[in-house]
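Going down the list, the protein sequences come from chains L and S. Per this note's numbering, the very first residue in the first sequence carries number 3; after that it's consecutive. Per this note's numbering, the very first residue in the second sequence carries number 767; after that it's consecutive.
It is possible that part of the hints are untrue.
Said to hold, decoys possible - Below, a sample of chain L positions facing chain S; criterion: calculated Cβ distance under 10 Å: (1) 73; (2) 74; (3) 76; (4) 79; (5) 83; (6) 185; (7) 188; (8) 212; (9) 219; (10) 221; (11) 252.
Bear in mind the hints are in silico, worked out from the structure with no lab data behind them. Backbone N, C-alpha and C define an ideal beta-carbon position, used for all residues, glycine too.
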Amino acid sequence: MSDSRFTSLSAPERWSWIGAGAALLGYAALRRGALAIPAAAAGSYLLLRGAANRRPGAELAHRPGRRRLARSVMINRPPDEVYAAWRRLEDLPRFFPHLESVTVRDDKHSHWVARSRLSGKLEWDCEITDDQPGRTLAWRSAAGMGFKHSGEIHFRPGPPQRGTRVELRWSYRVPSAWRGMLALVGEAPGQVAREGLRRFKQWMEAGEIATIAGQPHGPRTRLAELAPLFSPAPPVHEPTPLRPEWLERTGTA
Amino acid sequence: MKALCWYGKHSVSVENVPDPKLLNPRDAILRVTRTAICGSDLHLYDGYIPTLEAGDILGHEFMGEVIEVGAAVKNLRVGDRVVVPFTIACGNCFFCRHQLWSCCDNSNPNAWVLEKLYGYSGSGLFGYSHMMGGYAGGQAQYVRVPFADVGPIKIESDLPDEKVLFLSDIFPTGYMAAENAGIQQGDTVAVWGCGPVGQFAIRSAFLLGADRVIAIDSYPGRLRLAEAAGAETLDAGEGNIQERLREATAGAGPDGVIDAVGMEAFAHSLGGFYDVVKQQLKLETDRPTALREVIMACRKGGHISVPGVYGGYVDKFPLGAIFGKACHFATGQTHVHRYLRPLLERIERGEIDPSSIISHHFPLQQAPQAYDLFLKKKNECIKVVLDPWAKAA
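Whole structure, please, built from the sequences with the hints as guidance.
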């Protein structure tokens, strides 16, 4: 907690931010018109920062902080099979719709292209730093490129008859100012990881990824058309074929 | 094709929409031969279920003929006649393997929404809002059925559609409600709500060996239909259900109690009015007027079964009465898949005729009028069956 972003404000400073925020909100409420929306937005920001005891704009003055997250999922298939499917890195865009492509260069190196609603196209090279078949895979992005992060994924046998416990650990840098906005457009890293693991589980257990993209509906209103833009679970790029091993290994009675 | 689309509270219309296509390898496309309006569709029609989008196709009770199957569907052929469960289930996850089909992990593409609301998401459902998956429903001429290799049951006898259609939802729902009432020999079961699910709960309670069934409603037509199934009836409009049930059970209370009413209970008392007001003010999402009565009426150590749909939060929930009487409490979306085969066999053996609860037939074209009729319970409307291909009268 020594990070200066977390230090408290003095009481007068704090109350002046809250006051300024409230004043802007009051202005927006009374005056309406073209300035009302930006004034309301700025007012809410100042008010909330003040209430949170942080100096407005402090996030911009600091370099992106390192964030870590861990997400796990239980998959009703054996660890070897789950590891093998994840290891086909070029399949990962099926589960993470924000990924456009993964190009495998050799056993250790791959090139990744992603598209964010917020920052547009991102590209990076990735290096595998640890690879234990059936157990663990770890990687990090090459220095100086696009999205800086590293991660590892573990595949451990679950309780009897429950398959594999998959644990994804991810460490990344995202400018703090962006974090709230990422959440707004459904790209909060924790949610992206959770949705990706969910789809991976579907692919492993059901052989396909549940979707409604492309189904019929009656004429939409404008508002209904906007809804998918804010979803953390946007439709995948194209229908996925059946997981090749699914029929022989899993199938349905 | 023609399909019934939702446009808002009390606003549905039949629209021309594109035909459905196979989207996944385990999909099938059906030509719908019969579909029905469910009491739970009225919750959508009344605007109580969030995340519907204008233009969504409704309908989760339907059957039809297979016209196309995906590459991974090996058990169905073009031309097969099938009934489809309203819950969509993959058949492979922990929950499906444990027969908890309506809890399937892999069928809701929008599971994140329900996770925010309920902690974890149940299965996807047909035509029941985007938080339940957003799947296009079956009040249409054609429908896409995901996981068609595990859901649909083939009808190989010449039973008419009307006798098997309700395997899709309300017959299994009423049956699971009766199972959840823990019926033992000599038991008396009380059922609140004599709509379609209540009617099947009453009939199922007898199939499962209940000695007496007491049916509670305030619509004379519905009470008559319950009586025809062998139930004793209580008119809720005449008041004091608790006292009358106590007398009917020699002071003990019913052994099993079933809430087949759900979130839009009617007010017969000041308590009911209280819920209407709170729901309008958005202080609670559901009106648990019937549920409170059900819980209070249950005998000590009895079983409380709730097939009625609840969506969100209720107020003044008498948890103390459940605790203090050591009652069992069971509820949930129906695990339809488990009941398809055994209930079809019961129909084939003539133990029950599900078509006996149908009150109205309409062409799909007139579905908007049918919704209005069913909502207002005009002309003793109990159950509406729609024919997607009939010409409008």
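Ascending list of hint numbers which this structure does not respect: 1, 2, 5 and 6
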